[in-house]
Amino acid sequence: MKPRLTLRWIVFAIAAFAMNFPVLATLITAFKPPGEVSRNPSLWINAPTLENFATVLTVSDRLNVYHYLWNSTVAALIGALLPMIVAFPLAWAMVRRGTGRGVLFPLVVNLRALPLIIFAIPLYMMYSAIGLLDTRLGLGLILAVVNLPLTLMLLVNAVAEIPGEIEEAAHMDGARLLRLLTKVVLPLCRPALITTFVFGFITAWNEFLFGLMLTTRDAVPMTVGASFFFATSGGGVQWGTAAAVMIVAALPPLVLGLVMYRRISGSMVAGAVKG
Amino acid sequence: MTPGRSVENALLAGPMVLFLLAVLGFPTVLSMIYGFSETGFQTLTAPQFSGLKNFRDVTADPAFWQAAWFSLRFGAITALLQCGLGLALAVHLAPLARAHGWTVAILIIPMIVAPAMMGLMYRLVLHEFAGPVPHYLYSWFGWSPSFLGPANVFKTVVLAETLQWTPFAFLLFLTACQSIPQDLREAAAVDGTRPWRLFWKIELPLMMPTVFVALFIRFIDGFRVFDNIYTLVGAGPGGSTTSISIYIYETFLRRGEIGKALAAAILLFVTAFVLLSVAQRLLRGRAP
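Protein sequences, first through last, are from chains A and B. The opening residue of the first sequence carries number 1 in the numbering used here; numbering runs sequentially from there. The opening residue of the second sequence carries number 276 in the numbering used here; numbering runs sequentially from there.
Everything labelled a hint here was simulated from the structure, so no lab data went into it. Since the model is a prediction, treat every value here as computed from it, not as a measurement. There may be inaccurate statements among the hints.
[What the hints assert, rightly or not] Each pair of labels, with its calculated beta carbon distance range:
hint: 1; chain 1: A; residue 1: Val259; chain 2: B; residue 2: Pro470; range: 31 to 41 Å
hint: 2; chain 1: A; residue 1: Glu168; chain 2: B; residue 2: Trp475; range: 23 to 33 Å
hint: 3; chain 1: A; residue 1: Trp44; chain 2: B; residue 2: Leu296; range: 36 to 46 Å
hint: 4; chain 1: B; residue 1: Leu371; chain 2: A; residue 2: Leu43; range: 38 to 48 Å
hint: 5; chain 1: A; residue 1: Gly35; chain 2: B; residue 2: Trp475; range: 48 to 58 Å
hint: 6; chain 1: A; residue 1: Thr49; chain 2: B; residue 2: Leu371; range: 32 to 42 Å
hint: 7; chain 1: A; residue 1: Arg101; chain 2: B; residue 2: Pro512; range: 41 to 51 Å
hint: 8; chain 1: B; residue 1: Gly424; chain 2: A; residue 2: Arg217; range: 31 to 41 Å
hint: 9; chain 1: A; residue 1: Tyr66; chain 2: B; residue 2: Ser281; range: 28 to 38 Å
hint: 10; chain 1: A; residue 1: Trp9; chain 2: B; residue 2: Ala297; range: 47 to 57 Å
hint: 11; chain 1: A; residue 1: Leu43; chain 2: B; residue 2: Trp418; range: 14 to 24 Å
hint: 12; chain 1: B; residue 1: Leu293; chain 2: A; residue 2: Ser42; range: 51 to 61 Å
hint: 13; chain 1: B; residue 1: Trp340; chain 2: A; residue 2: Arg101; range: 15 to 25 Å
[As the list claims (entries may be wrong)] Calculated from the model, a selection of chain A residues having no Cβ within reach of chain B, i.e. all distances over 12 Å:
hint: 14; residue: Ala47
hint: 15; residue: Pro48
hint: 16; residue: Thr49
hint: 17; residue: His67
hint: 18; residue: Thr73
hint: 19; residue: Leu152
hint: 20; residue: Asn157
hint: 21; residue: Glu165
hint: 22; residue: Ile166
hint: 23; residue: Glu168
hint: 24; residue: Ile202
hint: 25; residue: Glu207
hint: 26; residue: Arg217
hint: 27; residue: Asp218
hint: 28; residue: Leu258
The C-beta atom is built at its ideal place from N, Cα and C for all residues, glycine as well.
Chain A on its own, in the form it takes in the complex (with noise of 0.2 Å):
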């Protein structure tokens, strides 16, 4: 048994190296001194800074990495909260009462398989028409258009799992619908909205095709910044400065997704296998 148990370990230090391999040597990067990066491109640091990181968290006219941060925090919070008010009642009433699972479920779970592209350009006229192109509610929004399809199922799942006779026990009472999903079915329903609200944060805030399109300079999320950021450099890429950028830009999703990996990695295979 015990060389069997090695080969499992070489194997998964191998899986884990090739797959990290781009995030690892991005962090090696960011610590290496801007002229070191072009003479040295090994793995090894061999005069460790955190001048990059100064540089990029500095605010300079062509680099505002705060500005980006915040219009990639309140878009990925709209786009995260806003799919879990609309689902709430709806999960429920579809668990309890069988509302729109002939129709509304399928229709919603389904936007998951469509390509995001086929609503983009629409959605880039009527934001030109309505004013809300290059904001952060207009980017919100289509976010949560994203995180519908789990945010629902998730939501379906959460509600399926409360034993109706709390519930009934609930109604006994005299208590309203307002109040039975308020006070009763939220709560217990608290797990699941956190799992749902995490999952959603990081897809929103990961997100970049939409980012792209339809902001140009007021609600710019991170993602779309690191890139120009590339972009306007042109041939003379600041390897360094740029590598301290992904790394600023990575690390919200990869903390959330870390402290929570085993809710994140068991919402994924709910959603997946339920869809």
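Keeping the supplied structure of chain A fixed, place chain B upon it in accordance with the hints.
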């Protein structure tokens, strides 16, 4: 059902219906209008009806078919690679994952990184002068391929997509593998069944529904790929990495051919819808 109840139900479903109508219904109507009209960014408010002209333009454009073919190939190849690798890793590492949960966390990190960031990271990693991969290849073998050159760029984007999303397949298969009752395996061990045979005769058949789901999801995500390819190479040398999503994006924003881009998007929607219905019928037939 009492009238009070149906009002209640309408109120409960209301927010979702309104949201869908506003954010998707209205744009769909716009698509229909502009898809059949002659428009540019200058004449956005005054579309001229032009019938099927946009659709003829799209279907006559070789770049559209090249992009569609790229997306199909990319989706199919990456889905197969990811599911093959993910299945092998899940079955092999399941005991390790059971005893040390943190190993799973390490393996799913790539999924939590934005695909757009991953594309940029590969740009650094594969860069001729600043990238560690060419650096080590040169110092060990004295030679390194041009990863983003015309000859290799397809393989490179396939590899990048596969390495980022194999964890997804791995996670699905790991869950499926761990839900197989342990006594089945023990009974097989008592009978003296070899591990390889155990996999083919017991584990794989039980995991088959998950295999289909994983293949389906990974194909869809590969087919509609945009972020990581766009940030890594853009449209690619000679349009060689132009996926259907990148084609529509470039037609719209770069060339300003709104009607043509919308016609392509509508064709894509119809294709996706048909494929989805067929696939779901098939999956439903197999699922328990």
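Hints, verified against the model:
Between Val259 of chain A and Pro470 of chain B, the C-beta spacing of about 35 Å keeps the proposed range 31 to 41 Å intact. For Glu168 of chain A and Trp475 of chain B, the hinted distance range of 23 to 33 Å is not satisfied, since their beta carbons lie about 49 Å from each other. In this structure, Trp44 of chain A and Leu296 of chain B break the distance hint of 36 to 46 Å, their C-beta atoms being roughly 57 Å apart. The beta-carbon spacing between Leu371 of chain B and Leu43 of chain A, approximately 25 Å, falls outside the hinted interval of 38 to 48 Å.
Taking the beta carbon of each, Gly35 of chain A and Trp475 of chain B are about 56 Å apart, inside 48 to 58 Å as hinted. Evaluation of the 32 to 42 Å hint for Thr49 of chain A and Leu371 of chain B yields a pass: the beta carbon distance comes to about 37 Å. At about 49 Å, the beta-carbon gap between Arg101 of chain A and Pro512 of chain B stays in the expected band of 41 to 51 Å. At about 34 Å, the beta-carbon gap between Gly424 of chain B and Arg217 of chain A stays in the expected band of 31 to 41 Å.
A beta carbon spacing of about 50 Å between Tyr66 of chain A and Ser281 of chain B contradicts the range 28 to 38 Å that was offered as a hint. Distance hint check for Trp9 of chain A and Ala297 of chain B: the Cβ-Cβ separation is about 53 Å, which falls inside the suggested range of 47 to 57 Å. For Leu43 of chain A and Trp418 of chain B, the hinted distance range of 14 to 24 Å is satisfied, since their beta carbons lie about 20 Å from each other. Hint check: Leu293 of chain B to Ser42 of chain A, Cβ distance near 56 Å, so the stated range 51 to 61 Å holds.
Against the hinted window of 15 to 25 Å, the Cβ-Cβ separation of Trp340 of chain B and Arg101 of chain A comes to about 39 Å, which falls outside the hint. At the 12 Å boundary, the C-beta of Ala47 of chain A stays outside the reach of chain B, the nearest C-beta of that chain being 16 Å off. Listed as a non-interface residue, Pro48 of chain A keeps its Cβ farther than 12 Å from every Cβ of chain B; the least gap is roughly 16 Å. Residue-level check passed: Thr49 of chain A sits 16 Å from the nearest beta carbon of chain B, beyond 12 Å.
Every C-beta of chain B lies more than 12 Å from that of His67 of chain A, the closest at about 18 Å, which supports listing it as non-interface. Look at Thr73 of chain A: its CB is around 14 Å from the nearest CB on chain B, clear of 12 Å, so calling it non-interface holds up. Leu152 of chain A, annotated as away from the interface, has a beta carbon of chain B within 12 Å; the closest lies near 8 Å. With a least CB separation of 15 Å from chain B, Asn157 of chain A remains clear of the 12 Å interface cut-off, as annotated.
Every CB of chain B is more than 12 Å from the CB of Glu165 of chain A (nearest about 20 Å), matching its label as outside the interface. Its beta-carbon lying about 19 Å from the closest one in chain B, Ile166 of chain A satisfies the requirement of being farther than 12 Å from that chain. Even its closest Cβ contact with chain B, about 16 Å, leaves Glu168 of chain A beyond 12 Å, as expected for a residue assigned away from the interface. Against chain B, the non-interface label of Ile202 of chain A is violated: not every CB pair exceeds 12 Å, the least being about 6 Å.
For Glu207 of chain A, the requirement that its beta carbon stay farther than 12 Å from each beta carbon of chain B is not met, with the minimum near 8 Å. Non-interface status of Arg217 of chain A relative to chain B is upheld: no Cβ of that chain comes within 12 Å, the nearest being about 15 Å off. No Cβ of chain B comes within 12 Å of the Cβ of Asp218 of chain A; the nearest lies about 18 Å off, and the non-interface call holds. Leu258 of chain A, annotated as away from the interface, has a beta carbon of chain B within 12 Å; the closest lies near 6 Å.
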